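Enquirer: Generate the whole structure from the sequences, applying the supplied hints.
The chain contents come next:
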Amino acid sequence: MRSEITFNSNASPAARYVGWAPVPVQVQLADTTGATDPVTVRLRNQNAAQGGQVEFFTSATNTGQAEIELSLPVTGEPADLRIAGVFQRPSSADGDAAVEVVDANTSEVLGVTPLMVRIRKNAATLSDAERDRFLTALATFNDRGRGRYGDFRNVHTEAGSPEAHGSTGFLPWHRNFLLDLERELQAIDPSIAMPYWRFDQPAPSLFTGDFMGVPNPHGTLQFSAVNPLQFWVTDGTPGIVRPVRFNTQTQHANVFSEASTLLLGGQDAQYEAFRQLEGNPHGTAHTSFGGSISSIPTAVKDPLFFLLHANVDRLWAKWQWHFQRFDVESTDTFPAQGKAGDPGANRVGHNLDDTMWPWNQVTTPPRPPTAPGGTLAPSPLTSAPGLSPEVGALIDYQGVLTPPTRLGFDYDDVPFEFPAAS
Amino acid sequence: MDIPEYRRQLSAELEQAAGQPGFRELLARSRRGAEPHAAAASPGPATEDDLTAAIAVLRDGEPDEPLRSAALQVISSAVDEQPDLIDALTGVLLDAARPADLRTAVLDTLQQISFRMVAFPGKRPDYLAALRSVIDDPDAGLRQRAIGILAREKDEYVQRRLIDGLEGRSAALVPAEKAIQYLGYDIHAEYFPLLRRIVENPPSPAARTEAVRLLAADPSSADLLLTLLSNKQENGDVRRVSAIGLQSAAPARFEEQARRIVLDDDEDDQLRAMSITALTHFANPEALSRDDELTGRIEQLRADSASQQVRQATMSYLAKHGT
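Same order as they appear, the protein sequences are chains A and B. So that you can map any letter, position 174 of the first sequence is 173 in numbering that gives the first Met the number 0, and since no number is skipped, the others follow by simple counting. So that you can map any letter, position 99 of the second sequence is 98 in numbering that gives the first Met the number 0, and since no number is skipped, the others follow by simple counting.
Please note that a few of the clues may not be correct.
Stated by the list, open to error - Under 7 Å between C-beta atoms, here's a sample of chain A residues computed to sit facing chain B: (1) Ala138; (2) Pro161; (3) Thr236; (4) Pro237; (5) Gly238; (6) Gln275; (7) Pro414.
Said to hold, decoys possible - Which bits of chain B does chain A cover? Going by a derived footprint, with three or more residues having C-beta under 8 Å, they are: (8) 1-10; (9) 138-152; (10) 176-189; (11) 210-220; (12) 242-250.
Quick caveat, the hints were computed from the structure, so don't treat them as lab data. Bear in mind the structure is a predicted one, so any value in this text is a computation, not a measurement. Note that CB positions come from ideal geometry on N, CA and C, so glycine has one too.
Expert: What follows is the structure in structure tokens.
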């Protein structure tokens, strides 16, 4: 007799990734020859001391269980439950978490399913192996300027800027941009989660030759001889230019602290006020350097762009969690309800029901004349937010209120919680 | 982790941060003895009084950095509602009588606002025109910032001025290596002869290295890059930049040369580690799997090399391509 576990409604091992948000799981018996009665099984972490840890849920509560007992019919009919990573016990390698299914009566192990508690982490805390896997995936995706990274570079330009900046869509658009790249990197190495640069703290291990590079006296980055980013090419030209305007070994960028940022929305936590973060800390983080990253048309030439924006997105996610801003129909969560053309609506791309360029592939004015890169990269974990998402599909990213909207990522310091009972 | 406790900790941090002085309090402190304006003690969005005071702080050349930063923040946060504040900032930027560090802070704020300037399309041409005025400013730091922004905008005027400086037709705006770097944001075929001349007759070693870097965009410079990479007497930085450039311009020729470097006992260790790293990540895996001589050499280097980077590179190579 053996057991089988299916994650995220997908039997493929490619779907065995979880974050803090509980995901649907089916457990069933296979090869039940000779058995006649239902079998009581216990599910638990195979190694509770090391690796990523998960917990089990049978209902929508905030209290998961370290072990759970289920009765599995011998017909092979699956039992449904949910599994989530234990907050702040993420994996550091693919498959370093494992769910063990044990016969509760005989203690026989019926199956062990490896998985990963895949979480976006502070780049300054990555292990060398995590860092190197990320850099390898990034360099492979760019492929010395011949790869698909060029599409990302060609999206974030002067022509595309009105879709992404200066209005309510700034945060959702960049959330999708990050997700698109992360999914592309995961297609190369599924253990990758986008790390973030916590720009309000010193990050000396990030700004090294082994990671995101160190500028020479005139600002061109230098890398260690084993770092694949040394072969970075964009627009046909090798190298990255990033002179620094603060001491990257001892100081943080000249930006608002996390706490000050989370207060931008005011006491009543209004998105319209919170989105001031587009200036400080977002804009100020960009302009803490000279070089490519400090101007819109060239910012994506520097891959640090994505670590910077992962932190901007993390700040939004933390604000959403702290102030419970997941209800897309609430103007506190997102004020631009409806769609472009409605009375009082924002320009196209910045309203809840608008689709987002370039993923919608619309190239008629007022959208930009080209839409590089096609639709959003798909994920084996979830069909959300869709290949051509609307702005509103990027908001409840953990599926707090609507589980199917879960986007399949989490941050190491932003937990998942079901909404407080009112 | 107890999530309710985690939430309480964050709430306490937010409460503490909310008590920190804002622009109004900093302004009141700096004007000790003077009457703070009416809204000084009340929190909330910037008022007209705040904005008037913030602009006055900048026009007065306020030396108190925290107050100046707070003033810039007040203005920046109000730009969405009052785009004309950009004009006030531009005015301070262009006022050469103001201290250079203040004008630099204003330029940084304008550049930060430029990420949102799509909301104010009418302001953008004036901003770029102001930057063109600043590229001849006596302050080198301010000048370089303005040139850099314009270069990234592919501004033809600044490109022409940079070329004129490199050609010696007019005084250079910035050191040659910076000028070359700025031209790299919009590389044109007509730059290549100039870059080759700089490689032959460089104004500085750094300028030569930057010129080599940009020549990667020129397919007809592949021979030059290979020559530079192959020459063991050449400067190490130039060889490494040539390797990167050749890998971009002519990957097959680079891989052939990288293989030679790995096999050569007399080569530089850093270049060897770099070559192994390039082969690991970008060369054809099937061709590598058939190359017993290279694999044997890499196994030997893993065991014998005195260079930690070479050993590290061999381990990555063998993990991916080893048998």
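Enquirer: Checking hints one by one. Is A:Pro414 an interface residue toward chain B, by the C-beta closer than 7 Å rule?
Expert: holds (5 Å)
Enquirer: The segment 138-152 of chain B covered by chain A? Criterion: 3 or more residues, Cβ-Cβ distance below 8 Å.
Expert: holds (count 6)
Enquirer: Take the segment 242-250 of chain B, compare each residue's beta carbon with every beta carbon of chain A, and decide whether three or more fall closer than 8 Å.
Expert: With 5 residues in contact (Cβ-Cβ under 8 Å with chain A), the coverage given for the segment 242-250 of chain B holds.
Enquirer: Mind checking the CB of A:Pro237 against every CB in chain B and telling me if the closest is under 7 Å?
Expert: holds (5 Å)
Enquirer: Are there at least three residues in the segment 1-10 of chain B whose beta carbon sits under 8 Å from a beta carbon of chain A?
Expert: holds (count 5)
Enquirer: How does the segment 176-189 of chain B fare against chain A when you require at least three residues with a CB closer than 8 Å, holds or violated?
Expert: holds (count 6)
Enquirer: Should the hint that A:Thr236 touches chain B count as held when the rule is a Cβ pair under 7 Å?
Expert: With Cβ-Cβ at 5 Å, under 7 Å, it holds.
Enquirer: Does A:Gly238 meet its interface restraint, that is, does its C-beta lie within less than 7 Å of any C-beta in chain B?
Expert: holds (5 Å)
Enquirer: Taking the least C-beta to C-beta distance, is A:Pro161 closer than 7 Å to chain B?
Expert: holds (4 Å)
Enquirer: Any CB of chain B closer than 7 Å to the CB of A:Ala138?
Expert: holds (6 Å)
Enquirer: If you take the shortest Cβ to Cβ gap from A:Gln275 to chain B, is it below 7 Å?
Expert: holds (5 Å)
Enquirer: Residue count check for the segment 210-220 of chain B against chain A: does it reach three with CB-CB under 8 Å?
Expert: holds (count 4)
Every hint from the earlier list agrees with this structure, and none is contradicted.
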